[in-house]
Amino acid sequence: MSIEDYSGVWVFIEVKDGEVVPVSLELLGAGKELSDKRGTELAGVLIGENVTHLADTLYEYGADTVYVYDDTIFKNYRTESYMKALLECCQKHKPEVILYGATSTGKDLASAVATDLPTGLTADSTILDIEEDTGLLLASRPAFGGNIMATILCKKYRPQMATVRPKVMRALTPEPGRTGQLIEETASIKEEDIRTKVLEIVQFTTQKVRIDEADIVVAGGKGLGSEKGFQVIHDLAETLGGAVGASRDVVEAGWVEHHHQVGQTGLTVTPKIYFAIGISGAIQHIVGMQNSGLIIAINNDPEAPIFQSSHYGIVGDAFEIVPLLIQQFKQAFNKEVVDHV
Amino acid sequence: MLHIVACIKQVPDTKIIKMNPKTNTMDRASAPAILNPYDAHAVEEAVRLKKRYGGTVSVLTMGPPPAVKAIKKCIEIGADEGYMISDRAFAGADTLATSYALTKAIEKISQIQPVDLIICGKMTIDGDTGQVGPGIARRLDMPPLTSVKKVKEINVEEGYAIVHRKLEDGYEVIQSTMPFLMSVEKEINDVPYSSMTNMLKAARYQPVIWAVADLEDVERTQLGLKGSPTIVSKVWAPTKPSGGEMLEGDAAEQTEKLLNLLLEKKELFAVKGGSDVEH
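Protein chains in written order, with the working numbering: chain A, 1 to 341; chain B, 1 to 279.
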């Protein structure tokens, strides 16, 4: 088996609550650039129960082919069943590249598949490219806590695999009516071969706005001094209708839970407006928010690195600035509403 | 009685590390070597499970000789035994080669006492991958359970466990047969200050250290740089953004300027009602 026998770019399609998760569509967009460069096809690997109809969405977002494993055994994600399906699909069709979203499911699956194949796997990539003539995938990622960027290669093994952070790549504009080839597959795994069972799935209902989906994120850092001081972040977020974000220090101090954390070890966010308040701007934080539409920093230290990464900066005391902003915003916004009536 | 193995790593503290801007390499002298913070939670969880169900906690690391210090830290947390594999042949290992070497060490530990459960931290703060744990699980043919934030129950007699696995917007309750491997989130526990007894024990403690030659059935081609499918081809410093406009004036003037910016995007605020104050 030589590496020339492998061709095509695949994206593992993650399905949640009957829908394709956004990162999978983003990866079809990124994968399309790679497959165009190589002159090969872009395929989605769709695994789940009652998922076949989702292939139409995948074609619209760029997939030429969809391999589908549609069976009750795949109702919930489980490493052993999904891994088995994907391994068999790989062995049969031999892709050159497989991309996965760097989600809890994608990372779990990719790690297992890489070990069994075996092949190389690059984690949390943020930049992808491919050498046109050799098909060598250039997967780049922040390393050492975001202090450096590194390009990782896998020269001698195929497929080349990478997990890619959500919200970094861009999905294509869907092309209604675009079609492709559906290839229905069946996996050899049986229920009795699987050693885990999903007993229950519990979804947070109290979390009204997920920070990685919000248009506005108001994030606070340790500059706010205490959990009490951090309340201004909650207040501003509530006023603006945004989600609360936090730096690593704040989460480690226990002022808010981990799912609010933005940065290298937290979430990547790309809201339309990002407030960084009392956040010094360590590189670990910057990598998680730098692609936001409008970045506004408020910090009392004029030398804080966060100002380098912001579109607008205010040097000042957050406890003075933020309440004032809330007050002015409420006034102005009420007036705006009145103006429209 | 459970035998729990926690896999740990000594890492440079990447939160404070300085990079050499000319070579884009780490200035190791700028950052202390610490026990990977996620691994402290893995060891703490192992110790807690030992207290709940009885048993032994062994820790395992791969690293250069100074990494003994990280094992001592685990003894302080409450681990019983420490094992280290240390050999030049391991150098340059990526996640695949690392999981191979650690698997060989766990096979050797299993001969001393069979292993019921392996616990890893979510990821290391220098590699940031989280791929080694699942890799070990696959090699030992155990179910890998990643992102575990709670161990609800272990039924030692019937040989199964129930854990909570963290998802992006909630968690799932999973039952797995034993033995299995889990990698744990930070929120699974708080690591308390160590007891004086454990600290004294740690000060005197010397782990078992194995070289490649001490392990069995090792294919040397799967170790270190040679056994690593991935290589780092290029390293560069992230581009420094140049910064934007500062809003000057007193507080009222500053917020007024900011407000005008926000009002340019007022469509974002028009239909918003909810907020994320839950914590």
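Among these hints, one or two may not hold up.
Listed next, the in silico SDA-like pairs over lysine to any residue satisfying Cα-Cα at most 25 Å (straight line) [said to hold, decoys possible]:
#1 B/Lys152 <-> A/Phe204
#2 B/Lys266 <-> A/Gln290
#3 A/Lys222 <-> B/Lys234
#4 B/Lys234 <-> A/Lys190
#5 A/Lys190 <-> A/Phe204
#6 B/Lys152 <-> B/Met178
#7 A/Lys156 <-> B/Glu187
#8 A/Lys222 <-> B/Lys15
#9 A/Lys197 <-> B/Glu153
#10 A/Lys197 <-> B/Asp13
#11 B/Lys150 <-> A/Glu200
#12 B/Lys265 <-> A/Ile201
#13 B/Lys226 <-> A/Lys272
#14 B/Lys257 <-> A/Phe329
#15 A/Lys156 <-> B/Lys265
#16 A/Lys155 <-> B/Ala237
#17 A/Lys222 <-> B/Leu2
#18 A/Lys272 <-> B/Glu168
#19 B/Lys152 <-> A/Phe329
#20 A/Lys197 <-> B/Val235
#21 A/Lys330 <-> B/Ile16
#22 A/Lys222 <-> B/Arg220
#23 A/Lys92 <-> A/Gly135
#24 B/Lys265 <-> A/Val15
#25 A/Lys222 <-> B/Asn189
#26 A/Lys222 <-> B/Ile16
#27 B/Lys149 <-> A/Glu200
#28 B/Lys266 <-> A/Asp249
#29 B/Lys186 <-> A/Gln203
#30 A/Lys222 <-> B/Ile34
#31 A/Lys222 <-> B/Gln222
#32 B/Lys149 <-> A/Glu33
#33 B/Lys234 <-> A/Lys330
#34 A/Lys222 <-> B/Pro238
#35 B/Lys149 <-> A/Gln290
To be clear, the hints were calculated from the coordinates, so they are not data collected in a lab.
Status of the hints after comparison with the structure:
1. B/Lys152 <-> A/Phe204: Given that 25 Å is the threshold and the Cα spacing comes to 18 Å, the pair holds.
2. B/Lys266 <-> A/Gln290: Cα-Cα ~22 Å, so holds.
3. A/Lys222 <-> B/Lys234: Judged against 25 Å, a Cα distance of about 34 Å means the pair is violated.
4. B/Lys234 <-> A/Lys190: 44 Å, violated
5. A/Lys190 <-> A/Phe204: 32 Å, violated
6. B/Lys152 <-> B/Met178: Judged against 25 Å, a Cα distance of about 14 Å means the pair holds.
7. A/Lys156 <-> B/Glu187: Answer violated: A/Lys156 to B/Glu187 is near 39 Å, above 25 Å.
8. A/Lys222 <-> B/Lys15: Holds: A/Lys222 and B/Lys15 sit about 14 Å apart, inside 25 Å.
9. A/Lys197 <-> B/Glu153: 14 Å, holds
10. A/Lys197 <-> B/Asp13: 37 Å, violated
11. B/Lys150 <-> A/Glu200: 14 Å, holds
12. B/Lys265 <-> A/Ile201: Not satisfied, since the Cα-Cα distance of roughly 38 Å exceeds 25 Å.
13. B/Lys226 <-> A/Lys272: 45 Å, violated
14. B/Lys257 <-> A/Phe329: The given pair, whose Cα atoms are some 11 Å apart, holds under the 25 Å limit.
15. A/Lys156 <-> B/Lys265: 50 Å, violated
16. A/Lys155 <-> B/Ala237: Judged against 25 Å, a Cα distance of about 24 Å means the pair holds.
17. A/Lys222 <-> B/Leu2: Cα-Cα ~41 Å, so violated.
18. A/Lys272 <-> B/Glu168: 21 Å, holds
19. B/Lys152 <-> A/Phe329: With a Cα-Cα distance of about 46 Å, the restraint between B/Lys152 and A/Phe329 is violated, given a limit of 25 Å.
20. A/Lys197 <-> B/Val235: Between A/Lys197 and B/Val235 the Cα gap is close to 42 Å, so the pair fails against 25 Å, i.e. violated.
21. A/Lys330 <-> B/Ile16: The given pair, whose Cα atoms are some 40 Å apart, is violated under the 25 Å limit.
22. A/Lys222 <-> B/Arg220: The given pair, whose Cα atoms are some 48 Å apart, is violated under the 25 Å limit.
23. A/Lys92 <-> A/Gly135: Holds: A/Lys92 and A/Gly135 sit about 20 Å apart, inside 25 Å.
24. B/Lys265 <-> A/Val15: The hint is violated at about 33 Å.
25. A/Lys222 <-> B/Asn189: Satisfied, since the Cα-Cα distance of roughly 22 Å is no more than 25 Å.
26. A/Lys222 <-> B/Ile16: 16 Å, holds
27. B/Lys149 <-> A/Glu200: Satisfied, since the Cα-Cα distance of roughly 15 Å is no more than 25 Å.
28. B/Lys266 <-> A/Asp249: Not OK: B/Lys266 and A/Asp249 at ~32 Å, beyond 25 Å, violated.
29. B/Lys186 <-> A/Gln203: 20 Å, holds
30. A/Lys222 <-> B/Ile34: 22 Å, holds
31. A/Lys222 <-> B/Gln222: 44 Å, violated
32. B/Lys149 <-> A/Glu33: 37 Å, violated
33. B/Lys234 <-> A/Lys330: Roughly 50 Å between the alpha carbons, so the hint for B/Lys234 and A/Lys330 is violated.
34. A/Lys222 <-> B/Pro238: At roughly 24 Å apart (the allowed maximum being 25 Å), B/Pro238 and A/Lys222 satisfy the hint.
35. B/Lys149 <-> A/Gln290: 29 Å, violated
In summary, the numbered hints that this structure violates are 3, 4, 5, 7, 10, 12, 13, 15, 17, 19, 20, 21, 22, 24, 28, 31, 32, 33 and 35.
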